[in-house]
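S.K.: Dock chain B against the given chain A, drawing on the hints supplied.
2 protein chains.
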Amino acid sequence: MNPFKVIEVKESIFADNNADADRLRQELKGQGTYLLNLMSSPGSGKTSTLKRTIAALKDELRLGVMEADIDSDVDAAAITEAGARAIQLHTGGMCHLDADMTRQGIREFGTEDLDLVILENVGNLVCPAEFDTGAVKNAVILSVPEGHDKPLKYPLMFEVANVLLVNKIDVLPYFDFDLEKLTEYAHMRNPGLQIFPVSAKTGEGMDAWYDWLRREVKNWKSK
Amino acid sequence: MNPFKVIEVKESIFADNNADADRLRQELKGQGTYLLNLMSSPGSGKTSTLKRTIAALKDELRLGVMEADIDSDVDAAAITEAGARAIQLHTGGMCHLDADMTRQGIREFGTEDLDLVILENVGNLVCPAEFDTGAVKNAVILSVPEGHDKPLKYPLMFEVANVLLVNKIDVLPYFDFDLEKLTEYAHMRNPGLQIFPVSAKTGEGMDAWYDWLRREVKNWKSK
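These protein sequence lines map, in sequence, to chains A and B.
My numbering applies: residue 36 is where the first sequence begins, and numbers increase by one.
My numbering applies: residue 36 is where the second sequence begins, and numbers increase by one.
It cannot be assumed that every hint is accurate.
Same chains, same label: a pair holds when it works inside one copy or across any pair of copies.
[Stated by the list, open to error] Distance condition first, Cα-Cα at most 30 Å in a straight line; then the derived DSS-like pairs of lysine-lysine:
| no. | residue 1 | residue 2 |
| --- | --- | --- |
| 1 | K216 | K86 |
| 2 | K216 | K40 |
| 3 | K216 | K236 |
Derived from the structure by calculation, the hints contain no laboratory data.
Given the structure is predicted, the values throughout are model-derived calculations rather than measurements.
One chain only, chain A, in its complex shape (with noise of 0.2 Å):
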């Protein structure tokens, strides 16, 4: 038996997605909930990130986790493992999350006596941009073998995104990857977004993203 629940989360019945966005945001502030959506393309490295994000904050903040994925089960387990509170969401094939798959997914896991949940969105670079999640803020994972173009391709990804982590630095000197020209081309679609060059496997990087994160669920809360 699962350590975790699985929900089926069906298609929103609401037409306004970001006015329903809106409203799930406000539900989460007055619980004192701060959440995270997190995105990028499959095997970007977003559970390798959660594992060392969940080793290095789970003593400070109250934590969980929510897995987007098709039909699997595997990121939830490794969650699990690494010791946070996770649920998984089947999404039936659906390539993204809108706010009230997200709020089927909040309202079964029982977020009211937690600090932070991240939502990790199904690894896809194009659908899951489209739809507000009704989190507070959006991350997105681009990786070193990606290439620095991806900006360029995927622009709407990186409009929505408001903290690039640009992970497995470790492996830069193998790969034509160009930080300055990834930081250019970010910077293009997003003057704001703010940029962490990460290796989630070997933590190089990750405190600047812990940071981040500890300084955003503050705010949230005492606003």
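M.R.: The following block gives chain B in isolation, referenced to the frame of chain A:
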């Protein structure tokens, strides 16, 4: 001015995409053109694989490439430089191509004099797998940095693929990637899937892929 056309393709008017895809395949059969649908995540190496494939086959096959992108033209420019005819399809934010969108590209491109047309689908492991484009076969690229668990997490893509290129094997020493496990997971989804480990960067393993393409085009024209 671009050396290639840019087409804004519109969402299909056909309710039954599968039947429409069969019609498109028959149209292409009638003119002796083989259409391959090439899919992967962003950054797996679709364009690099195509550039090397064009260099290897352009003297024996009449080649064309249709580049589907949400709204950029960077790939069509790269393909044109590599020496193949190319056309850029803009999907206007849509995460996949269906058969009618593919037909719009085929008609604008003018493919009567081509032996092999490769459709580079939108970078996405989810949505493109759900739509038959009218191609004769589906190829998917998974790159080493993405991880060997992807057939577990994105099952449909591996079910609909006829051939899997495992790209970036030149960086195998730097990643926890198990080719045997990938093969096992991929064959769980699709026992008939042909798998070619390759490096589009160094050229390693690419000959088996070229041979597969040569055989496919020859069989299609002779049947």
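S.K.: Against each hint, give a clear statement of whether it holds in the structure.
M.R.: Hints versus structure:
1. K216 x K86: both (29 Å within a copy, 22 Å between copies)
2. K216 x K40: Between copies only: 27 Å across, 42 Å inside.
3. K216 x K236: both (23 Å within a copy, 21 Å between copies)
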